[in-house]
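I would like the entire structure built from these sequences, with the hints used as guidance.
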Amino acid sequence: MRRAVPFLLAAILAMVIFEIGHYRAHHTSTTSTSPDAVAAPDLSMMDLDGKHINIGVYKGKIVLVNFWAAWCVPCAKEIPDFMKLEQKYIGRLQVIGISIDDNESELRAFYRNHKMDYPVVRGDQQIADGYGGVPGLPTTYIVDQEGHIRGRQVGATDFLRLEQQVSSLLK
Amino acid sequence: MNRKSFALPILLIAMAFTLAVRASSETPDDAAQKDLQAGSKVLMQPQELVQALKAGQGTKPLVFYVGPEMFYQQSHIPGAEFVGPAGRPEGLKKLHDRAASLSHSTSIVIYCGCCPWSHCPNIHPAYNELKRMGFTHVRVLFLGTSFGTDWAEKGYPVQKGS
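Top line first, the protein sequences correspond to chains A and B. At position 132 of the first sequence (counting the first as 1) the number is 132 in the numbering used here, and the numbers step up by one without a gap. At position 73 of the second sequence (counting the first as 1) the number is 73 in the numbering used here, and the numbers step up by one without a gap.
Just so you know, not all the hints are guaranteed correct.
Stated by the list, open to error - Footprint (simulated), chain A over chain B, 3 or more residues, beta carbon under 8 Å:
1) 61 to 71
2) 89 to 103
3) 149 to 159
Derived by calculation from the structure, the hints in this document are not laboratory data. No residue lacks a Cβ here, since even glycine has one placed at the ideal position from N, Cα and C.
Now the structure itself:
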């Protein structure tokens, strides 16, 4: 039996490695930062409350432009975190949600039910192209206080990393 | 208690824990969809699809895009047909109607890539529908993060617009 102990430990280790691999395979995201920042598109958009949104209005603040959809599970999960982040950096950070939902009534119901407290705009191809494309959902662009795109996260947002980027831009 | 007596319980506990973790992280749909789990032969990697699309007419698979229209307009696999989000009844009906006239042995590849693989609302319904209809050669393009990240930004061929 003593000889079997290393095999048993190896089996346990293999299972743990397998689970970690399984988790990683299903929770992927990519992050990029842009030292040579390009200007965020100065698009005029209308939010769900009928207010005109223009990114230029937020100069002096960091803007997080989050492309999402109500049917996108990881997008929905992270909305409370975006609201918390905005509260934490109140006056210095603004979140804008750009929804690619086709179904407006579902979007409005989601917006209402989740008590989203930042502006949400219905996205289109022009907005997506303005940001250089949306590879998938969720995608979040980080726009600095001067209106330049400084980074992007594709896939489930890494909020630790996002907050580090926000902090460093606020310095 | 000697090593002999506690080694086996440890192994059993570890196995039970592993099974419990896996069961709790899977939706019932996932449990029924072993075909779409990592390592399944149903899944196709991007490079494999690129090679398959280079094949001559007749052996090339039909490629159906089953995600939101905005992403298709932005960029899609050349030759892929737009079906629409199969997670919605209208998208699923469109897929059904399109496939109804095809031979069940037609080689079909479906893809979406709207969001991370494990959360895609469109792939499972589309795959289920085609299998339910009796298609025997259905494969699914595996895009772990998104179409943009795992296909377009990797330099694989894309086409814009409709």
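Evaluation of the provided hints:
Given as covered by chain A, the region 61 to 71 of chain B passes the check, having 4 residues with a CB less than 8 Å from a CB of that chain where 3 are the minimum. Given as covered by chain A, the region 89 to 103 of chain B fails the check, having 0 residues with a CB less than 8 Å from a CB of that chain where 3 are the minimum. Under the rule that three or more residues need a Cβ within less than 8 Å of chain A, the assignment of the region 149 to 159 of chain B holds, with 3 such residues.
Hint compliance for this structure: hint 2 alone is broken.
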